[in-house]
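Student: Use the sequences and the hints to build the structure in full.
Below, each chain spelled out in residue letters.
Number of protein chains: 2
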Amino acid sequence: MDKMRLVIVGGVAAGASAAAKARRCNEEADIILYEMGEDISYATCGLPYYLSGIISKRNHLLVTSAKFFKQRFNVDVRTNHQVLSIDRNPQTVQVKNLTTGEIAEERYDRLILATGATPVIPPLPGVGLPFVFTLKTLEDTDRIFAHLENKKPKTAVVIGGGLIGMEAVENLVHRGTRVSVVEFMPQVLPFLDREMAEVVHHHLQQKNVDLYLSEKVTSIEDREGRGWVLTGGGRELPADLVILSAGIKPNTELAEDAGLRIGVSGGIAVDEFMQTNDPKILAAGDCVESLNLVTGKPALIPMGSAANKEGRAAGGNAMGRHIAVKGFTGTVIVKVFDLAVAKTGLSEKEAVSEGFVPLVTYVLSEDHAGYYPGAETVQIKTVADRGSGRLLGSQVIGKQGVDKRIDVMATAIYNGMALEDLLQLDLAYAPPYSSARDPVIVAGALGQNFYVGDWVPVTPAELHEKMERGDDFILLDTRTARELKKTGIIPGARHIHIDDLRKRATDLDPEKEIILYCAVGLRSYVGHRLLAMKGFENLRTLTGGIYSWIYPKEPYRG
Amino acid sequence: MDKMRLVIVGGVAAGASAAAKARRCNEEADIILYEMGEDISYATCGLPYYLSGIISKRNHLLVTSAKFFKQRFNVDVRTNHQVLSIDRNPQTVQVKNLTTGEIAEERYDRLILATGATPVIPPLPGVGLPFVFTLKTLEDTDRIFAHLENKKPKTAVVIGGGLIGMEAVENLVHRGTRVSVVEFMPQVLPFLDREMAEVVHHHLQQKNVDLYLSEKVTSIEDREGRGWVLTGGGRELPADLVILSAGIKPNTELAEDAGLRIGVSGGIAVDEFMQTNDPKILAAGDCVESLNLVTGKPALIPMGSAANKEGRAAGGNAMGRHIAVKGFTGTVIVKVFDLAVAKTGLSEKEAVSEGFVPLVTYVLSEDHAGYYPGAETVQIKTVADRGSGRLLGSQVIGKQGVDKRIDVMATAIYNGMALEDLLQLDLAYAPPYSSARDPVIVAGALGQNFYVGDWVPVTPAELHEKMERGDDFILLDTRTARELKKTGIIPGARHIHIDDLRKRATDLDPEKEIILYCAVGLRSYVGHRLLAMKGFENLRTLTGGIYSWIYPKEPYRG
Numbered sequence: 097m098d099k100m101r102l103v104i105v106g107g108v109a110a111g112a113s114a115a116a117k118a119r120r121c122n123e124e125a126d127i128i129l130y131e132m133g134e135d136i137s138y139a140t141c142g143l144p145y146y147l148s149g150i151i152s153k154r155n156h157l158l159v160t161s162a163k164f165f166k167q168r169f170n171v172d173v174r175t176n177h178q179v180l181s182i183d184r185n186p187q188t189v190q191v192k193n194l195t196t197g198e199i200a201e202e203r204y205d206r207l208i209l210a211t212g213a214t215p216v217i218p219p220l221p222g223v224g225l226p227f228v229f230t231l232k233t234l235e236d237t238d239r240i241f242a243h244l245e246n247k248k249p250k251t252a253v254v255i256g257g258g259l260i261g262m263e264a265v266e267n268l269v270h271r272g273t274r275v276s277v278v279e280f281m282p283q284v285l286p287f288l289d290r291e292m293a294e295v296v297h298h299h300l301q302q303k304n305v306d307l308y309l310s311e312k313v314t315s316i317e318d319r320e321g322r323g324w325v326l327t328g329g330g331r332e333l334p335a336d337l338v339i340l341s342a343g344i345k346p347n348t349e350l351a352e353d354a355g356l357r358i359g360v361s362g363g364i365a366v367d368e369f370m371q372t373n374d375p376k377i378l379a380a381g382d383c384v385e386s387l388n389l390v391t392g393k394p395a396l397i398p399m400g401s402a403a404n405k406e407g408r409a410a411g412g413n414a415m416g417r418h419i420a421v422k423g424f425t426g427t428v429i430v431k432v433f434d435l436a437v438a439k440t441g442l443s444e445k446e447a448v449s450e451g452f453v454p455l456v457t458y459v460l461s462e463d464h465a466g467y468y469p470g471a472e473t474v475q476i477k478t479v480a481d482r483g484s485g486r487l488l489g490s491q492v493i494g495k496q497g498v499d500k501r502i503d504v505m506a507t508a509i510y511n512g513m514a515l516e517d518l519l520q521l522d523l524a525y526a527p528p529y530s531s532a533r534d535p536v537i538v539a540g541a542l543g544q545n546f547y548v549g550d551w552v553p554v555t556p557a558e559l560h561e562k563m564e565r566g567d568d569f570i571l572l573d574t575r576t577a578r579e580l581k582k583t584g585i586i587p588g589a590r591h592i593h594i595d596d597l598r599k600r601a602t603d604l605d606p607e608k609e610i611i612l613y614c615a616v617g618l619r620s621y622v623g624h625r626l627l628a629m630k631g632f633e634n635l636r637t638l639t640g641g642i643y644s645w646i647y648p649k650e651p652y653r654g
Numbered sequence: 097m098d099k100m101r102l103v104i105v106g107g108v109a110a111g112a113s114a115a116a117k118a119r120r121c122n123e124e125a126d127i128i129l130y131e132m133g134e135d136i137s138y139a140t141c142g143l144p145y146y147l148s149g150i151i152s153k154r155n156h157l158l159v160t161s162a163k164f165f166k167q168r169f170n171v172d173v174r175t176n177h178q179v180l181s182i183d184r185n186p187q188t189v190q191v192k193n194l195t196t197g198e199i200a201e202e203r204y205d206r207l208i209l210a211t212g213a214t215p216v217i218p219p220l221p222g223v224g225l226p227f228v229f230t231l232k233t234l235e236d237t238d239r240i241f242a243h244l245e246n247k248k249p250k251t252a253v254v255i256g257g258g259l260i261g262m263e264a265v266e267n268l269v270h271r272g273t274r275v276s277v278v279e280f281m282p283q284v285l286p287f288l289d290r291e292m293a294e295v296v297h298h299h300l301q302q303k304n305v306d307l308y309l310s311e312k313v314t315s316i317e318d319r320e321g322r323g324w325v326l327t328g329g330g331r332e333l334p335a336d337l338v339i340l341s342a343g344i345k346p347n348t349e350l351a352e353d354a355g356l357r358i359g360v361s362g363g364i365a366v367d368e369f370m371q372t373n374d375p376k377i378l379a380a381g382d383c384v385e386s387l388n389l390v391t392g393k394p395a396l397i398p399m400g401s402a403a404n405k406e407g408r409a410a411g412g413n414a415m416g417r418h419i420a421v422k423g424f425t426g427t428v429i430v431k432v433f434d435l436a437v438a439k440t441g442l443s444e445k446e447a448v449s450e451g452f453v454p455l456v457t458y459v460l461s462e463d464h465a466g467y468y469p470g471a472e473t474v475q476i477k478t479v480a481d482r483g484s485g486r487l488l489g490s491q492v493i494g495k496q497g498v499d500k501r502i503d504v505m506a507t508a509i510y511n512g513m514a515l516e517d518l519l520q521l522d523l524a525y526a527p528p529y530s531s532a533r534d535p536v537i538v539a540g541a542l543g544q545n546f547y548v549g550d551w552v553p554v555t556p557a558e559l560h561e562k563m564e565r566g567d568d569f570i571l572l573d574t575r576t577a578r579e580l581k582k583t584g585i586i587p588g589a590r591h592i593h594i595d596d597l598r599k600r601a602t603d604l605d606p607e608k609e610i611i612l613y614c615a616v617g618l619r620s621y622v623g624h625r626l627l628a629m630k631g632f633e634n635l636r637t638l639t640g641g642i643y644s645w646i647y648p649k650e651p652y653r654g
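If you read the protein sequences in the order shown, they are chains A and B.
Following this note's numbering from start to finish, the first sequence increments by one per residue and tops out at 654.
Following this note's numbering from start to finish, the second sequence increments by one per residue and tops out at 654.
The hints are simulated quantities; they were obtained by calculation from the structure and are not laboratory data.
Small disclaimer: the values here were computed from a predicted structure and weren't measured.
Heads up, a few of these hints could be off.
Each pair may be met inside one copy or between any two copies, as identical chains are not told apart.
[Stated by the list, open to error] Restricting the straight-line Cα-Cα distance to at most 20 Å, the calculated cross-link-like pairs of lysine to any residue (SDA-like) are: (1) K163 - H591; (2) K247 - F227; (3) K599 - N170; (4) K422 - N511; (5) K192 - L180.
Tutor: This is how it looks when you write it as structure tokens:
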């Protein structure tokens, strides 16, 4: 029998993982890896940091090389080769050598598509101008880097405020460039709920980033050697450099042309074994459709961590293994200057659009014991299914300790934990690392308090709505007079300090709905309980307190 | 009907939590809290850091006050009051006012015991000398602080290398004191496996701490105004200051004298609702026996985080609620100078003594992407039940990112995850926070590789044993010649670089057992697979590589 022949298309994250795993499962097979670019397996996620010099050397980005793959894994790596088409019967691919222009045919027994994703290029006048770039590949990065070095741009416009956009912004500012962000949505980082994104907006402004939200770019122009970005709102933004970060889309052309099934999300449809609808063809990485474990629905998960897992599974399974990738809770984290911004599971808006009736809570708490130096506020939003109590998602923002909390939440959601079950977790506690009540534990306690009827939260958004509707209710601020001076009071609120509430409860009309708030929600919860036991029946508490209301402008210091 | 009357004995962590929660559940009850000391609810876990000045002000340690508790929660706090005895029928306690000496009787409807724990004082000659201290209460801390300020001790001996001992060491060194640790066990931090503790030993030595292991203190002496600690090994250690940190024991006298059931662990026996065997009496905090969720057996969990949860439950349940504390996975973390040292679940030795046949793996990996500045090695040991694959425990040591990984492990263990399921977690990835393959994901992959038969680990301890027994096997180092020069080779090992193994496999005797190793285990795993597919049947890989063998002396830099 002939040797088994595995062809892999694409050699960055998923493709390289697949090749290495395939070899570990089959020493005899011929493994051929085609990559269109110059390099394989480079650090895509590190590219923005090379622009600023935070990653100081280009070769730090080169995780591995074709030579290494040959030596270590006996993989025949062919860079600068583009696979043009797949002929599923007979099992061949047509490949173009981009250096020589030569086209050849290659037979496969198994084929793995790891074709990745491509930046979406908005159809704008001027996108082809020489100072306009995408930031996805090493080649892109080299081009931007050369432009930065040669032209010393003073101004830059980043079009699109997603993950790559935010990383581009930080690294350009780090270089001393004046950066504007133009985003057609009313917020950056669309995976976040709006009010959480506001925290990011404020932080960007603090860093002197000019933020233009709900603003569409209409054209990019070169006027006498200087670049400008023009917007629908009539703005003309100076732009010696433009980064297009308007999202990415899976590269599915090869698969589509070969008649493979494409999923509703736009990625190549695969099962949990990374198998396409052709038993000889697998796919992995940014080009595939994954499963969102929270919704049970298809989703695109274009993350390096996912690509590695999927590539490993595809490589093994091409050699007859049965390695499952069960799906993703949709965890995301991004550094935006001093903030870590993270999410797992569903946002509130996503939960609603999935048909859930969400229970939303906010915790603002310190990342470690407040009496130990260096504590910083962590803001945690949790979204649960109000009916069942199941934790659906969490968003965490802060200067430190964010990645820890989001990973605990991701692990909890993976395991189907209820919000109140978080209270049972035995999280590591010592003053430099956490508090005796970790913010995650507090989130669990809030859940438990709700489900036993001790507490009913109202979110800032709901409070806004009630105020706009002109609902008749008492808004009660339970903080100290000094705190009121510092932050102001929410318009229309009455003030009774929590320690006076016991004797002044009779001042309040028990027939009316009362919404309590304090700084972050602890004292108002105490007041909520007090009033409840005094016979008040229609009580709610502003979850996250006034700092969830005004947080973006005045981050809470506990 | 008379007002309900709740008496709480002890007002630090559990007692204060209980009082506050009880009030939130019952506005009308009389709540009386007795505390023997001057203060309630101070930051026990912060005390060592006050000694060094890392926590710069004493009042930072005072989380709350009697006055606050009266105002906020209408709790009648009586400090300097000692509860002498409980008379369960009629339901009364006898209380001594430590200021006046007066003894009174107080009736209760419900009683919560939050009596805490007390340092074990070893029965040594000289423990009563004025320069010998325990470090458990604020009063202890004040006494040590005064001694430090007044006597300016140049030398200190810490007797006992547990959590408090390690924190005392760091903070005394921080002040410029020369510190010796005397520990009668062969390791510090007994919850760790021995080889993980070795990492801590080496770090202590780097910080100029004199470490005397397997050494018993025989006496403490005052010789002409200078303190000395004498050991069974004949050492005489200068000791201007001695900290006794030989462990703590639950304060159960009151409960015992009242005929309440004491558990096998020595703590007051309670159910998951913190109920003792007397339906009118609950208990919480360091004085109770908790449940270890991994073994299903009773355990002492003297942690502030546990005390807070248990106190909250006891306070609510005293008022008729049904708040469960399901148990603990036994999570511990401690800062030892630059290292964070953490554990959750069972150590290998604990797993063995519980009758498990453990599968042990080590991961040495960077806490975030190596190409992003500031990455540090994280060392993760996992212990799984070999038969079922269930994750039993994990130990994590490193300079950063340790608390995150241990909390993920604690959450995984709480949920009964298998080691290989860790691979499915969708952990947050961006270069400043993690790697595309987070160390926890790598641990999961090792588990999967084992269970599909791709890889069989041998631990450093097992390798030592095999070498001592004189087993006949080939030990194969697959690193580069340059690496060998740097760290040396394990005695008796042969060297074939991984990239030469494909053609040099025929040099090896396929009849013999072969144990491969490299730096941390990745290349040896690749070699393992290669040889397996070439027909070698008796293969194992040193998990964690040479750095798990020599790690304490030469931490791995990836």
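Student: Next, verify each hint and record whether it holds.
Tutor: Taking the hints in turn, this is what the structure says about them:
1. K163 - H591: Neither way: K163 and H591 sit 71 Å apart in one copy and 22 Å across, limit 20 Å.
2. K247 - F227: Within one copy, since 9 Å is at most 20 Å while 69 Å is not.
3. K599 - N170: This pair counts as between: shortest inter-copy Cα distance 11 Å, intra-copy 80 Å.
4. K422 - N511: The answer is both: 12 Å in one copy and 17 Å across copies each meet 20 Å.
5. K192 - L180: Classified as within; 7 Å inside a copy, 89 Å across copies.
Going through the hint list in order, the structure does not satisfy hint 1, though it satisfies all others.
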